[in-house]
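Assemble the complex: chain G is given as a structure, and chain D must be docked to it using the hints.
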Amino acid sequence: MSTPPTPPSGSPDPSGPLGEFNPLEPPPGIDPTPGAAVAPPVDPRLLVRQEGLRGYLDEFKRKVRGGELGSLPVVIGLIVIWLIFSLKNSQYFTAANAEFIAYYMVGLGMLATGLVFVLLLGEIDLSVGSVSGLAAAIYAVLSVTHHWNAWLAVVITLLSGMVIGGLQGWIFAKIGVPAFVVTLAGFLAWQGVMLWLLGSTGTINLEPKALNALFSGNSFFLGGQIFGAYLLAIIATVGFGASLFLQQRRRKAAGVPSRPTGELIARTVLLAIPVFLVAWILNKATGVPNNLVIFLALLVICDFVLRRTTYGRKVFSVGGNIEASRRAGISVPMVRISVYAISGTFAALGGLAIAATTNAAGQAGADPNNLMMAIAAAVIGGTSLFGGRGRVWSALLGIMVIESINAGLFMLGLTLDIQYMITGGVLLAAVIVDSLSRRTQKSSGRA
Amino acid sequence: MTNPLAGSYAPASADGEPVLALRGVSKRFGAVQALSDVELEVHPGEVVALVGDNGAGKSTVVKAIAGVHPIDDGQMEWEGRAVTVHRPQDSQHLGIATVYQDLALADNLDVVANLFLGREITTYGTLDEVAMEKRAQELLDTLSIRIPSVRIPVASLSGGQRQVVAIARSLIGDPKVVILDEPTAALGVEQTAQVLDLVERLRERGLGVILISHNMADVSAVADTVAVLRLGRNNGTFPMRGTTQETIIAAITGATDNAVTRRAARTPRSEGEV
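Residue numbers (the working numbering), protein chains in the order written: chain G, 1381 to 1827; chain D, 155 to 428.
Just so you know, the hints here were simulated from the structure itself, not pulled from any lab data. All C-beta atoms, glycine included, are put in the ideal place defined by N, C-alpha and C. Take the hints with a grain of salt, since some may be wrong.
[To be verified] The following residues of chain D were derived to be distant from chain G, with all beta-carbon distances above 10 angstroms:
1) P242
2) D256
3) T397
[Claimed, not checked] For each label pair, taking beta carbons as the anchor points, the in silico distance ranges come out as:
4) G:T1666 - D:S303: 46 to 54 angstroms
5) G:M1714 - D:H240: 17 to 25 angstroms
6) D:R235 - G:V1618: 57 to 65 angstroms
7) G:I1456 - D:A371: 51 to 59 angstroms
8) G:E1439 - D:D295: 48 to 56 angstroms
9) G:F1625 - D:H240: 47 to 55 angstroms
10) D:R235 - G:S1711: 27 to 35 angstroms
11) G:V1618 - D:S303: 56 to 64 angstroms
12) D:T276 - G:F1625: 16 to 24 angstroms
13) G:E1703 - D:H240: 53 to 61 angstroms
14) G:S1451 - D:A185: 53 to 61 angstroms
This is chain G alone, in the form it adopts within the complex (with noise of 0.2 angstroms):
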C-alpha cells in the first residue's frame, strides 16, 4: 500500500462521540475488578518483569517452563561433548584441534545456513549435498578444464546454484509437488549430473585461485597476525553493543520499551568473553582462517536480512501461517522460490569452500553424508523443523557440535561406523528437544 497507515488515534473528529470517550476507562462488563483502571489486575502472563537480578531470573525460569529453550540446550550440548573428549583425549582441548574444528566446519556451516532458511518456512531441501558437489565440479570444469577466469568461475558456479535452487522452488510453489519429493528428485539428478561433469577421471584438482585460495587451509585472516582475530573480534563487540545501544537510544526517543543499560552491558559482555576467548585460542594456533570470517560475515547478513527486512518477516509470517501471509499480500509462492534459491546458493558456495578443503572437485563432493550433518546442524543449531522458529546462528551453533563430535572420534580412532551411530543420535536428541519445546510451548498456550 502506498499511503502509509496514519494512526487512527490522531484522526478522530473532535465532535464525534470519541471526545467523551476515555481510552483509560475500564470498559463495563470487561474487567472483573471494579478500579482496575489505575492498578490492573497482575495477570500471570503479563510480561511484567521485576528490576534487578531475580526478574531475570524469573523471566528465564519462565521461558524454559514456556519451552521456550532457544540456544540453550545447544550451548550446553557443546560444552558437554567438550568435556567427554578433553577426559578421553589429552589432545582434544588445544588449540591446533579448535582451528581444525573451525577450519573444517565451515563447508557444511554454509548448506546448514541455507537449510536454516528453508526450515524457517517448515520445507526441507535434500538436493543441498548433491548441488554443493556438482557446484565444485562446474567451478572445476570452468576454471580447470576450460581455463576460465576463477572469479567469473565463482560467479557463474553460484549463479548455478541460485537456479538450481530456484527450479526446485519454482516446481514447489508454482506446480504444488511437495518440496520433499521435488529435492529428493535433486539429490539423486545434480548428484548425476555433477558424475557427468567430473567425467571418467572422477577428479579434478584445483588450483588455488580466488575463492578457493581465501577456502584453502593456509589462508588466514591478516596472514594470521596476532592482532587480526582481536581486530576481528574487537568489529563483533562493538558492532553488538552499538547496535545494542542505539537501539536503546531510538526507543528511549520513541517513548516505547527499551532494556536497561545493565542489560546492554551485560549482553555485550557475554558476547565480548566467548569472542575474545575464541580469538585468543585461534591465535595460539595459526589465526583465524578467512574462510571462517566469510561465513561469519554472511551469518551476520543473513541475521540482518531475516529480522530487520520486510524480506525476512515473509520468510517468517510464510513459515508461521500461510493463509495469513496470502491475506496480508505476500506473494507466498515468491517467498518460497526465493528462499530455495537463497538454499542452493549457500549450497554451492558450500560446495567451493568444502572442495577447498580437499583442493579437488572429486565424486566424494557429493557425499550424502553432507546433506545429513547440514540438516542435522541446522536443527541442532535450534532451528525448527516445525517452521517459522530459528535463527541462521543456529547454524554455527549445529555445526560446531557436529564438527566437535566428529573431530573427537576421529582422535579417539573411531570409526565411520561408531561416528554416524553417535551423530545420528545427536540428530535424534534435536529433534527430539524441538518436539518436546512446540510441545510444551503447545500446552502453555505459546504455539
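Then chain D, alone, in the frame of chain G:
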C-alpha cells in the same frame, strides 16, 4: 416474498448517506442461486448485524463485498457512487476491511509484526520496529485493548485477545467499513464482552460495521440495525431498538412463513395474505 413483520428501515444515524450499499445484488454458483436481490445499507457509525440461518447467504454477502466472489447482478455503492469490486484488493482500496472467522494471524510473530504484516513501516529499506511498536501501542490504547505485551508471539494470547488483535489489524489501513465474520463464535463470556466492547468503540470512531453473528444476545447488545437473510433473500431489516428478539428469530427461521403462521393468518383474515 415480503415479511409482514419487517419494520421500515431506520438506521441509527439516518442523517447521512450510507457509506456502503448493496442494491439488488444477486449471485449464482452454478445451479445454486446464492443471493437474489439483496439490499443492504451501512452508514458511518452504524453497526449492522447480518443474521440468518446456515446457508442463508451471510458469508456470500461478505465475500461479495470483500471481492472474493464478485457479484453477478445488482450494484454495490460506495459513498453514493457505484463501484465494481473484482478482487479483494479492490475492496481494501475502497476502505473495506474484512476480519475472517479464522483470524489469519501468524502465531510465531509478535503482535506488532502481525498488525503490520504486509505493510511494514520501513526506513532505508529496513524495518522500523520502533515506529511500528509505537503506532501499535497507540492503536491498542485508543481501542482500550489490553494485552500482556505487544512483543509476545500471538500464539500466547487468549482467543479473545487474538480476535481483538485481528480486528485491530484491520484498522491499520484506516478503513471506513469493517466486516466482522462471527467474531465471537469461539469465545467465552468474558472474551465475547471484550470483542463487543471493541465493536462499540469502532462505532464511536465513526466506522460502519457489518457484524455477522449467530448469537442473538451479541446482536442485540451492539447492533443498531439487524438485516435478516433467509434463503439468499432479504427477510426484513429491523432497527434494533424497539424490535424484540422473537421478531428477529422469527424472521431468521422463517417462522412467519410456516404452516402455523399461515393458519393463523388465514383464520381471522382473508386467505392468500402471506
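Cross-check of the supplied hints:
| no. | hint | result |
| --- | --- | --- |
| 1 | P242 | violated, 8 angstroms |
| 2 | D256 | violated, 7 angstroms |
| 3 | T397 | holds, 23 angstroms |
| 4 | G:T1666 - D:S303: 46 to 54 angstroms | holds, 48 angstroms |
| 5 | G:M1714 - D:H240: 17 to 25 angstroms | holds, 22 angstroms |
| 6 | D:R235 - G:V1618: 57 to 65 angstroms | holds, 60 angstroms |
| 7 | G:I1456 - D:A371: 51 to 59 angstroms | holds, 53 angstroms |
| 8 | G:E1439 - D:D295: 48 to 56 angstroms | violated, 24 angstroms |
| 9 | G:F1625 - D:H240: 47 to 55 angstroms | holds, 50 angstroms |
| 10 | D:R235 - G:S1711: 27 to 35 angstroms | holds, 31 angstroms |
| 11 | G:V1618 - D:S303: 56 to 64 angstroms | violated, 30 angstroms |
| 12 | D:T276 - G:F1625: 16 to 24 angstroms | holds, 22 angstroms |
| 13 | G:E1703 - D:H240: 53 to 61 angstroms | violated, 21 angstroms |
| 14 | G:S1451 - D:A185: 53 to 61 angstroms | holds, 59 angstroms |
Checked against the numbered hints above, the structure violates hints 1, 2, 8, 11, 13; every other hint is satisfied.
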